[in-house]
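Trainee: In the working numbering, the protein residues as written are 1 to 266.
I should point out that these hints are in silico values taken from the structure, not numbers from a laboratory.
Incorrect hints may have been included.
[Stated by the list, open to error] What follows is a list of derived Cβ distance ranges for each label pair:
id, residue 1, residue 2, range
1, Glu-54, Gln-87, 55 to 61 Å
2, Glu-128, Lys-96, 45 to 51 Å
3, Thr-55, Val-85, 44 to 50 Å
4, Thr-55, Asp-82, 29 to 35 Å
5, Cys-132, Leu-73, 20 to 26 Å
6, His-150, Phe-8, 27 to 33 Å
7, Arg-131, Lys-96, 25 to 31 Å
8, Gln-232, Pro-149, 31 to 37 Å
9, Leu-13, Glu-128, 20 to 26 Å
[To be verified] Using 16 Å as the maximum straight-line C-alpha spacing, the simulated EDC-like pairs for lysine to aspartate or glutamate come out as follows:
id, residue 1, residue 2
10, Lys-46, Glu-244
11, Lys-110, Asp-174
12, Lys-110, Asp-125
13, Lys-72, Asp-4
14, Lys-27, Asp-125
15, Lys-91, Asp-212
16, Lys-14, Asp-4
17, Lys-129, Asp-193
Built from N, CA and C at the ideal position, the CB exists for glycine as well.
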Amino acid sequence: PLFDADTFLASPLKDSHHFVRVIAGPKLLGWPTARDRLLSAGLSLKSLKWVGPETQEGIQEEFNSIFARCPKLNGSVFLQDDIAVRQQWAKEQVRKKKNMFTDRLPQGEKLMRLVLTPGQLQRRDAYEKLRCENSGLDGTFFCDLDHWPHSPGPDYGPMFPCLLTHGVILNLDDGRFATPAERCLSLGFHALDCVSDRFKWPLADFVLRQPDRIVKCQTGNCQSLPAIMAWQLYVFCNTIRREEPSPSRPLSAGSEEDAEEDDLLA
């Protein structure tokens, strides 16, 4: 949202494009994810005509009046992965840190100490002090253990936090980590069969076969699908094509009757 769009986009393109923008995110649309972004579009002055509000403030106001919703759920709605997948994910994290364990994973604090680094454990304890005043009504409290509270980066609370190219997302309420598929789901990509067979993401199986760090890079700083689709729909509905000037009939030296008919048509 702090990107200087006027300096880097609108001004350089002013002779060739009409520039429009909004600040929007999935939370504005009722999607329980914190991820505000500046969304923009450049419309060619040669071929397109903007027919929406004339000012950027007017565009923002109209966009909000159409799409703004209040989230009714919190980020825990995205924690949909099967328990077997979650356990396998935890085992992989333990193996990465060269910790030894039996086939049966420990639970609670013992698991946390196997999965998390000392720095992540310290940050978890810091978030615990903020949990009481910032959790949702059902106790949901998300945090990214790669970032300290109040530092630049993902926020904490009941909403699913903004994803970066690294990070460990934890719901302190039930001790659940966000899996790669759940990270994709928070962005609007249906990567889980249990959510919707009809709308399952065609690339889900391929993406989720990649290592955890690769999925984090792919989902980090990614656009929210619901937000970008709403913006594209708004832009398309407020844009028309400029008609190419062309004569309705060939120009020719005609009779007086033809000239009168042309006048009537005009």
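Trainee: Hint numbers the structure violates, sorted upward?
Mentor: 2, 4, 9, 13, 14, 17
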